[in-house]
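Q: Under full-length UniProt numbering, think of the first position of the sequence shown as 1, with each following residue one higher.
None of these hints come from the bench; they were simulated from the model. Treat the hints loosely; a few may be bogus.
As the list claims (entries may be wrong) - Straight-line distance between alpha carbons at most 30 angstroms, and here's what the computed DSSO-like set of lysine-lysine pairs gives: (1) 279 to 327; (2) 350 to 280; (3) 352 to 327; (4) 377 to 154; (5) 327 to 350; (6) 154 to 174; (7) 280 to 327; (8) 350 to 377; (9) 174 to 327.
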Amino acid sequence: MFAGPPDGANVAWERTTSNFSLLEDSEGPEGYTIHSVVGHSMVRCEDSLLIWGGYCIDSSDETHYRLTHQLFILPAALTTHSSSVKWIVYNIRNGEAPPPTSGACAVLLEDTIIIFGGFTRPGDFHADGNTGLCWNNQLLVYDRCSDVRWSSAKTSGSIPSPRAASASVYMEDKRSVLLFGGRHDEIRLCDLYILDMNTLIWSNVEIIGSLPVGRSWCTLSVIDHENTLLFGGYSTDGNALSDCWSFHFNAAETIDNSKSNNDNNNQLIGQWVTFGYFKKPAPRLWHTAAVIDGLLFVCGGSNGPLSTAANCSNIFRMQITPPSLLKLCLCRLSHRLHDVSALPHFIRRKFKWLLFLRSYVLVDQAERNAFQALSLKQIINISSFK
1 MFAGPPDGAN
11 VAWERTTSNF
21 SLLEDSEGPE
31 GYTIHSVVGH
41 SMVRCEDSLL
51 IWGGYCIDSS
61 DETHYRLTHQ
71 LFILPAALTT
81 HSSSVKWIVY
91 NIRNGEAPPP
101 TSGACAVLLE
111 DTIIIFGGFT
121 RPGDFHADGN
131 TGLCWNNQLL
141 VYDRCSDVRW
151 SSAKTSGSIP
161 SPRAASASVY
171 MEDKRSVLLF
181 GGRHDEIRLC
191 DLYILDMNTL
201 IWSNVEIIGS
211 LPVGRSWCTL
221 SVIDHENTLL
231 FGGYSTDGNA
241 LSDCWSFHFN
251 AAETIDNSKS
261 NNDNNNQLIG
271 QWVTFGYFKK
281 PAPRLWHTAA
291 VIDGLLFVCG
301 GSNGPLSTAA
311 NCSNIFRMQI
321 TPPSLLKLCL
331 CRLSHRLHDV
341 SALPHFIRRK
351 FKWLLFLRSY
361 VLVDQAERNA
371 FQALSLKQII
381 NISSFK
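Could you put the whole structure together from the sequences, leaning on the hints where they help?
A: Next up, the structure:
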């Protein structure tokens, strides 16, 4: 502050050091403040979305990789039915981050983010002769509760070939990661693998019936404990895709972790089924996605050929299953109710957080200071209704 406030002014100092900053999404009324991004990785953490890595291309055709010590957080459940969407840009202050990476896929396992494959700087991987970068099939681990933070895991079994732009999802009931497709050299793949997180052993999944066309830059999202959703992508023929497929394992097939070993002949069998929807979405690739409270969130990417680069900075949303009554009520009240004393005690602080995300002026200075000092874990917890 220079000089000082006029006599009698009602002002006070506010905290300026924060673990995070807030940015408006392109759907918001204040215009474009989040750059279009592709090649990023996204995980669902409770009712929030965490995005890492990727890059954008500026007006001069120059590529800019996102800093790998930053996480972009969308408190999705609190903005399910809001026209204004804010991103939380959280700075990871401890540990050495990996080099800039695009095309990796990621899942969340408790306090750990598991990142597979992608396109990164040269190493012990399959080199791409056109770019000087490399395809890889490494498994990176980010542990937000560890002092080391970043490490590389050793896997075995039927390890997928080096690839980028695959789709993956964590199946909590099976404690396993499902991996689909991706690109290796000029081929778009349609193979399906599963990684047992108890043993770090990969297995190939046999498919009965129809197969989605081979693709890269697509997404897998959990619908429920039995079904996952495949959306969009880019085919070997150069087509941007907008189809949806639901995958489930055959009822008789289960994952027996006690028998998992390199000689395991237990073949896992599953099936793809085309997913119907009321209104067909536009094609999307280079995006990330997750289903939260019955709503498919699709973030970033492109809606056309790869030559157009990133041109989708807004969030696309499509209803998959009905939302909960609690979230419908709170989202409606947030536009009308500013006195939280009328709410049940257990939900008051979360409602204040929702107001803070809408506008700083809707909460007092003490609450702003408290919110700006939140850690990553606290941000995730307060953004969830669980």
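Q: Against this structure, judge whether each hint is valid.
A: Now for the hints, and whether the structure bears them out:
no.: 1; hint: 279 to 327; result: 24 angstroms, holds
no.: 2; hint: 350 to 280; result: 34 angstroms, violated
no.: 3; hint: 352 to 327; result: 14 angstroms, holds
no.: 4; hint: 377 to 154; result: 27 angstroms, holds
no.: 5; hint: 327 to 350; result: 11 angstroms, holds
no.: 6; hint: 154 to 174; result: 20 angstroms, holds
no.: 7; hint: 280 to 327; result: 26 angstroms, holds
no.: 8; hint: 350 to 377; result: 14 angstroms, holds
no.: 9; hint: 174 to 327; result: 28 angstroms, holds
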